[in-house]
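Undergrad: Single-letter residue listing:
Protein chains: 2
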Amino acid sequence: MIKERPIPVLEVFGPTVQGEGMVIGRKTMFVRTAGCDYSCSWCDSAFTWDGSGKDDIRLLAASDVIAELETIGGAAFDHVTISGGNPALLPQLGGLIDGLHARGIQVALETQGSRWQPWFADIDDLTLSPKPPSSGMSTNWEVLDDIVRRLSEAGRRFCMKVVVFDDEDLAYAKLVHERYPGIPFYAQAGNDNLTETDPAIMLPYLVERYEWLIGRTMADETLRGIHVLPQLHTWVWGNKKGV
Amino acid sequence: MIKERPIPVLEVFGPTVQGEGMVIGRKTMFVRTAGCDYSCSWCDSAFTWDGSGKDDIRLLAASDVIAELETIGGAAFDHVTISGGNPALLPQLGGLIDGLHARGIQVALETQGSRWQPWFADIDDLTLSPKPPSSGMSTNWEVLDDIVRRLSEAGRRFCMKVVVFDDEDLAYAKLVHERYPGIPFYAQAGNDNLTETDPAIMLPYLVERYEWLIGRTMADETLRGIHVLPQLHTWVWGNKKGV
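Line order of the protein sequences matches chains A and B.
Per UniProt numbering: the first sequence = residues 1 to 243.
Per UniProt numbering: the second sequence = residues 1 to 243.
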């Protein structure tokens, strides 16, 4: 019997609310995997790839991850979000997804869309979140096209999400929406203040960023079917980790 | 030819973001109808039923409503939310819904579930929002059961939403979720401060109310598949009307 490859896990926490995107508000548990092929300038989870979190990485079997989810979350959840880093680097996640489904638990996952995995077609709430110019990364459109094509063929519910910090990012968001017109599209106001800890400063600033994005998108005829959302968890918990 | 019955309209505005529930963040136009069979203690649109807005009511044909939506929203929208009051008091809304669909525009509607209309089955995003004890209203469960049964038979996407102000409301929310277990369920933190105009006071208060509701629901095993959301528009615009 071939030994299952373990999963590099950095955090397991919850239940909490999903703060972004297509299932915003959903009660969910989080599993955060280590490792990323990107290094976005404004990444809010840089410890997953910049080396600073390396001592916290645990190599766990899928069954261990599920056991830990059940220890922490008890019977209070039926939804798990796999986050990163880029979980799409890990072919071995298929076993975890199958194990969760076997327990009646739904699975959400977000990835930048730089790498395909066959288990994408099994994710209940899949978000492809290509990164805009402000990230410093560049999009491989051929790979992204291929992922969108495969998911569409599989008849799978998924959405596109672009984080927007400035007008250049917004132009990129429009490009993405025009390239994949049939796919539900989310624009998210970016948080470019990752160090502020005072909610009295943080909260009005984030609301102002969200209001800016609303102002830039509402009258735009190329963004008719758009959702515009904040990162709700940063409004509640600021830059705190593990909530 | 039978003359179409006009629609009592109080407000037409947008495009803006939907601030609540199953399509939170969605770019949408709003049509607010006059009249309600309820008079919730904390209603944020009491002008639709308490007489204070009666001089603003216009009796419009469906085609006039659509023309006004297009004048205000141009070609920048593909989604309209019909709100109230209780729009379910108006059998004549079917023509408006058909007219919007004919233009490729999706329609959302929220109602307390006190009255069935055949056009419920045509709504793209329908929210049934029975009112908890703090409203001072009482739920007719037979009517609500009947509406849920008809919508389920029609294979229509819809959800349940309960606004929660206190623990008694939360107990009611659980009752609703247990009664309709297969239906996507949203709990929404209530805004019991309808007069505050200072965002520096309003915003932290609303965040605190939302955090309270998260705290009361996350560990609860009877609320596994729940979404917990704020009224996002009140976080951005406070108690302002028409945004």
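Any given hint might turn out to be false.
Stated by the list, open to error - Here are some chain B residues pointing at chain A (derived, C-beta under 10 Å): (1) Val23; (2) Arg26; (3) Thr71; (4) Leu151; (5) Glu153; (6) Gly155; (7) Arg156; (8) Leu203; (9) Val207; (10) Ala219; (11) Val236; (12) Asn239; (13) Gly242.
Said to hold, decoys possible - Using C-beta positions, here's what the derived DEER-type ranges look like: (14) B:Glu211 - A:Gly215: 40 to 48 Å; (15) B:Thr197 - A:Trp212: 19 to 27 Å; (16) B:Leu175 - A:Glu208: 34 to 42 Å; (17) A:Trp212 - B:Asp50: 44 to 52 Å; (18) A:Gly215 - B:Arg157: 42 to 50 Å; (19) B:Gly74 - A:Lys54: 51 to 59 Å.
It is worth saying that the hints were derived from the structure and are not from the lab.
Please read all numbers here as calculations on a predicted model, not as lab measurements.
Every residue, glycine too, gets a C-beta built ideally from N, C-alpha and C.
Undergrad: With reference to the structure, classify each hint as holding or not holding.
TA: Here is what the structure says about each hint:
1. Evaluation of the Val23 of chain B hint against chain A yields a held restraint, the C-beta minimum of about 8 Å falling below 10 Å.
2. Proximity of Arg26 of chain B to chain A holds as hinted, the smallest CB-CB distance being about 5 Å (cut-off 10 Å).
3. Evaluation of the Thr71 of chain B hint against chain A yields a violated restraint, the C-beta minimum of about 14 Å exceeding 10 Å.
4. Because the closest C-beta pair between Leu151 of chain B and chain A is about 20 Å apart, greater than 10 Å, the hint is violated.
5. For Glu153 of chain B, the suggested interface contact is broken, since its CB lies about 23 Å from the closest CB of chain A, more than 10 Å.
6. Interface restraint check for Gly155 of chain B: the shortest CB-CB distance to chain A comes to about 16 Å, outside 10 Å, so the restraint is violated.
7. Contact between Arg156 of chain B and chain A, as hinted, is not supported at the beta carbon level, the nearest pair being about 17 Å apart and thus beyond 10 Å.
8. A hinted interface residue such as Leu203 of chain B counts as satisfied when its beta carbon comes closer than 10 Å to some beta carbon of chain A; here the least separation is about 6 Å, so the hint holds.
9. Restraint check, Val207 of chain B versus chain A: the minimum CB separation of about 6 Å is within 10 Å; hint holds.
10. Hint status for Ala219 of chain B: holds, given a least beta-carbon distance of 5 Å to chain A, under 10 Å.
11. A cut of 10 Å between beta carbons decides the hint on Val236 of chain B: the least distance to chain A is about 6 Å, and the hint holds.
12. Because the closest C-beta pair between Asn239 of chain B and chain A is about 15 Å apart, greater than 10 Å, the hint is violated.
13. Given the 10 Å rule on beta carbons, the hint for Gly242 of chain B is violated: about 13 Å separates it from the nearest Cβ of chain A.
14. Against the hinted window of 40 to 48 Å, the Cβ-Cβ separation of Glu211 of chain B and Gly215 of chain A comes to about 27 Å, which falls outside the hint.
15. About 22 Å separates the C-beta atoms of Thr197 of chain B and Trp212 of chain A, a value consistent with the hinted range of 19 to 27 Å.
16. Distance hint check: the CB atoms of Leu175 of chain B and Glu208 of chain A are about 39 Å apart, consistent with the given range 34 to 42 Å.
17. Roughly 35 Å separates the CB atoms of Trp212 of chain A and Asp50 of chain B, a value that falls outside the hinted 44 to 52 Å.
18. A hinted range of 42 to 50 Å is violated for the C-beta pair Gly215 of chain A and Arg157 of chain B, which are about 30 Å apart.
19. Between Gly74 of chain B and Lys54 of chain A the beta carbon distance is about 52 Å. The supplied range of 51 to 59 Å therefore holds.
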